[in-house]
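*Asks:* For the sequence shown, full-length UniProt numbering begins at 1 and goes up steadily by one.
Rather than coming from a laboratory, the hints here were simulated on the basis of the structure. It should be emphasised that the depicted structure is a prediction, and the values quoted were computed from it without experimental measurement. Treat the hints with care, as some may be off.
[Said to hold, decoys possible] Calculated cross-link-like contacts (lysine-lysine; reagent style DSS-like; alpha-carbon spacing at most 27 Å):
#  : residue 1 : residue 2
1  : LYS454    : LYS547
2  : LYS578    : LYS649
3  : LYS450    : LYS403
4  : LYS485    : LYS473
5  : LYS486    : LYS450
6  : LYS546    : LYS491
7  : LYS449    : LYS427
8  : LYS454    : LYS491
9  : LYS542    : LYS491
10 : LYS449    : LYS649
11 : LYS449    : LYS619
[Unchecked claim] With beta-carbon atoms standing in for the labels, derived distance ranges:
#  : residue 1 : residue 2 : range
12 : GLN149    : VAL361    : 22 to 32 Å
13 : ILE176    : LYS250    : 29 to 39 Å
14 : THR214    : LEU186    : 54 to 64 Å
C-beta: ideal position from N, C-alpha, C; glycine also.
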Amino acid sequence: MNNHLIKDKTGKISMQQAQTQKKGKRLKNSRYISGFDGIRALAVVGVIIYHLLPYKLQGGYLGVPIFFVVSGYLITDLLLQEWEQNGRIDFWGFYARRLKRLYPALVFMLVGTGTYITLFQRSLLTNLRSIITTNMLYLYNWWEVGHGQSYFDRFNGESPFTHLWSLSIEGQYYLIWPLILIALVLIIRKRRTIAWVLFGFAAFSAVLMGVLYTGPNTLNRVYYGTDTRMFTIIFGAMLAVVWPSTHLRKNVNSRSRWTLNIIGIIAFTVMVYLYFELAGQNTFTYRGGMFLMAIASTALIAACAHPGSDVNRWLTNPVFSWIGTRSYGIYLYQFPVMIFYEMRVNDIAAHPLMHATIEIVLIMIISELSYRYIEAPLRHYRYRNLGRSIYEFFQRDSAYGLKRLWLIPALILIGISVYGSAIAPTKDAKNVLQENILQNQSSASVHNKKALAKQKQAKKVADNKKRMKKLLKKKLTPTQYRTAKKYGLTKREYLTVHQQPLTAIGDSIMADNSKDLQTVFHQAYVSAAVGRQIWQAGDVLKALKKKGELAPNVLVNLGTNSPMTPAQIDSVVKAIGKGHKIFWVNCHVPTRNWETEVNRTIQGASKKYANFYVINWHKYSYNRNDWFWSDNVHPNPRGNVHYTRLVAKQMSQHLSIK
């Protein structure tokens with residue numbers, strides 16, 4: 001350890017009994033706290049941008065690992081300070097402080113959200129009892145592994161509780177870490193050796209994440225698992241062991257100060273880059289990406305914690321301080337506000353910035369009220385006086401006065417939430433849309449085998465102009481006539497696309513439409529999956545291309561589930577390769593703020609590539625609510641007819657023989 005930066009040279013964790021009172025005050029008022037509020041503010045702002053704003057940070061979800069590293073450092077640093085000052089750790093006092101800090105707001109959020117669901121949004125009642133119970137026990141992340149949805153799934157009954165997985169990991173950490181830390185101190189004692197042991201645990205956790213992640217099917221396991229996420233907290237703890245705040249020199253030379261500043265700047269730059277680039281369902285995210293984010297976060301915290309650097313001052317301002325001190329509440333209430341608001345407002349895409357602003361304001365107001373009237377008062381309340389307070393509460397001339405009336409709505413909220421938990425089903429009832437998608441996917445799977453068997457012959461026919469001209473003059477059979485009439489196609493349009501080999505790849509919109517599409521495009525192979533993102537398309541296309549099963553015409557319907565960048569479209573075009581015509585259906589998703597951005601990006605690609613054609617489903621379906629299911633996103637049977645008609649008409653224009 002550089003003696004310009006660290007006061008302690010022994011490398012051991014000692015029992016310093018002297019100056020207990022003085023250092024006790026320092027423990028509570030450490031000078032790096034304001035800068036850490038800035039780091040918390042950056043993390044929570046990233047999360048909000050990720051969820052609410054139309055121009056999204058792909059890696060905005062990485063705010064959680066930052067919180068984990070901060071927590072790992074602060075808690076370990078405080079525990080080691082207490083050990084050095086007193087030669088012991090007051091475990092019960094530690095647990096009591098953690099519960100007083102975290103539990104009141106969590107309970108209020110659970111009760112309030114449960115009440116709202118019971119009264120106004122019963123479609124979200126499923127498993128409410130299990131969700132509340134596991135959150136109260138800090139086991140919700142493991143419940144999510146087996147029962148929850150992907151953190152990145154926005155169209156499968158998104159839960160207002162999904163984000164609470166991270167609080168369960170924090171709770172588990174608070175429970176077991178003090179015991180493990182003291183065991184390490186008593187057995188090993190040397191800081192450097194303890195740090196290496198912790199690094200080994202962190203590396204094992206990160207490797208486990210990479211090994212267990214084998215694709216979307218294992219995403220929940222690695223994203224929510226305590227064992228696969230613990231390395232971020234361990235990095236913070238490891239830093240506290242080798243970089244204890246009370247042992248850092250305030251007065252350092254200019255070279256050391258700027259070394260610290262440059263480390264902080266580089267770390268911050270890396271974090272910002274990862275915020276923009278590290279998509280939540282990319283393989284690299286779980287095989288090195290999050291590990292890099294943990295390292296960068298640790299480096300920034302190290303620079304911020306040191307009194308000789310300027311990073312703390314740079315991250316300290318009234319706005320960051322306000323957000324940082326309320327970051328817990330902001331994180332708690334963001335999902336309920338976001339989900340309940342977007343379930344009531346159907347035109348989010350028309351004014352994304354306005355609606356995002358309204359949601360942010362609501363989150364901030366609720367968080368401020370929670371901080372003032374729940375978190376702060378109950379954190380400083382002396383629970384040993386609870387019996388006396390209850391006695392005073394029920395006295396005729398009680399000092400609480402009219403404040404006692406708040407007990408009535410509180411009991412009503414608790415009662416409604418308990419009732420909702422009691423009647424909550426344990427399984428989702430499949431709705432008509434889900435049944436329709438499942439049936440169509442099953443039908444498409446059967447049809448795909450037949451289509452692949454005939455696509456080579458169909459390609460030969462399509463490439464032969466003479467045969468195609470002859471085919472276009474052919475009289476329609478009664479079945480073909482009825483099909484053409486149902487979908488509003490002329491004889492020429494129908495026959496043009498009927499024999500064309502087609503590979504269709506998409507998300508739940510394509511899955512919903514697959515049966516109609518294959519009715520008109522008889523040689524169509526459809527690969528569609530609920531929740532599919534654009535970055536997952538490349539692997540599917542490459543696999544088909546490798547087998548020689550990628551048709552010369554490729555229909556793409558992606559962009560419903562998240563924003564996309566020009567680079568991501570470029571990667572799909574590259575995966576398809578030359579010699580193919582690409583028809584990309586833009587999106588109708590008025591309930592999400594990225595609709596305009598996605599459609600603008602798709603339109604931009606059509607100007608870049610000569611073989612890229614946009615099918616304007618958004619314009620064609622605008623204000624036609626009768627074409628969609630209740631979510632106003634997925635076409636109903638009538639909408640599927642219009643969707644297929646548009647695709648067939650648009651494609652026939654580019655495929656017709658002149």
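*Asks:* Does the alpha-carbon distance linking LYS454 and LYS491 stay inside the 27 Å limit?
*Replies:* 22 Å, holds
*Asks:* Decide if the proposed pair is consistent with the structure: LYS546 and LYS491, CA atoms, cutoff 27 Å inclusive.
*Replies:* 35 Å, violated
*Asks:* State, for the Cβ atoms of ILE176 and LYS250, whether the hinted interval 29 to 39 Å holds or is violated.
*Replies:* 34 Å, holds
*Asks:* Decide if the proposed pair is consistent with the structure: LYS578 and LYS649, CA atoms, cutoff 27 Å inclusive.
*Replies:* Satisfied, since the Cα-Cα distance of roughly 24 Å is no more than 27 Å.
*Asks:* Check the hint pairing LYS486 with LYS450 against an upper bound of 27 Å on the C-alpha distance.
*Replies:* Holds: LYS486 and LYS450 sit about 23 Å apart, inside 27 Å.
*Asks:* Are the Cα positions of LYS449 and LYS427 separated by 27 Å at most?
*Replies:* 33 Å, violated
*Asks:* Compare the distance between the alpha carbons of LYS450 and LYS403 with 27 Å, and conclude whether the hinted pair is satisfied.
*Replies:* 73 Å, violated
*Asks:* For the pair supplied as a hint, LYS449 and LYS649, is the alpha-carbon distance within the 27 Å limit?
*Replies:* 26 Å, holds
*Asks:* With respect to the beta-carbon atoms only, verify the hint that GLN149 and VAL361 lie 22 to 32 Å apart.
*Replies:* Cβ of GLN149 to Cβ of VAL361: about 27 Å, so the range 22 to 32 Å holds.
*Asks:* Is 54 to 64 Å right for how far apart the beta carbons of THR214 and LEU186 are?
*Replies:* Since THR214 and LEU186 have Cβ atoms about 40 Å apart, the given range 54 to 64 Å is violated.
*Asks:* Does the alpha-carbon distance linking LYS449 and LYS619 stay inside the 27 Å limit?
*Replies:* 34 Å, violated
*Asks:* Is it true that the CA of LYS454 sits at most 27 Å from the CA of LYS547?
*Replies:* With a Cα-Cα distance of about 15 Å, the restraint between LYS454 and LYS547 holds, given a limit of 27 Å.
Going through the hint list in order, the structure does not satisfy hints 3, 6, 7, 9, 11 and 14.
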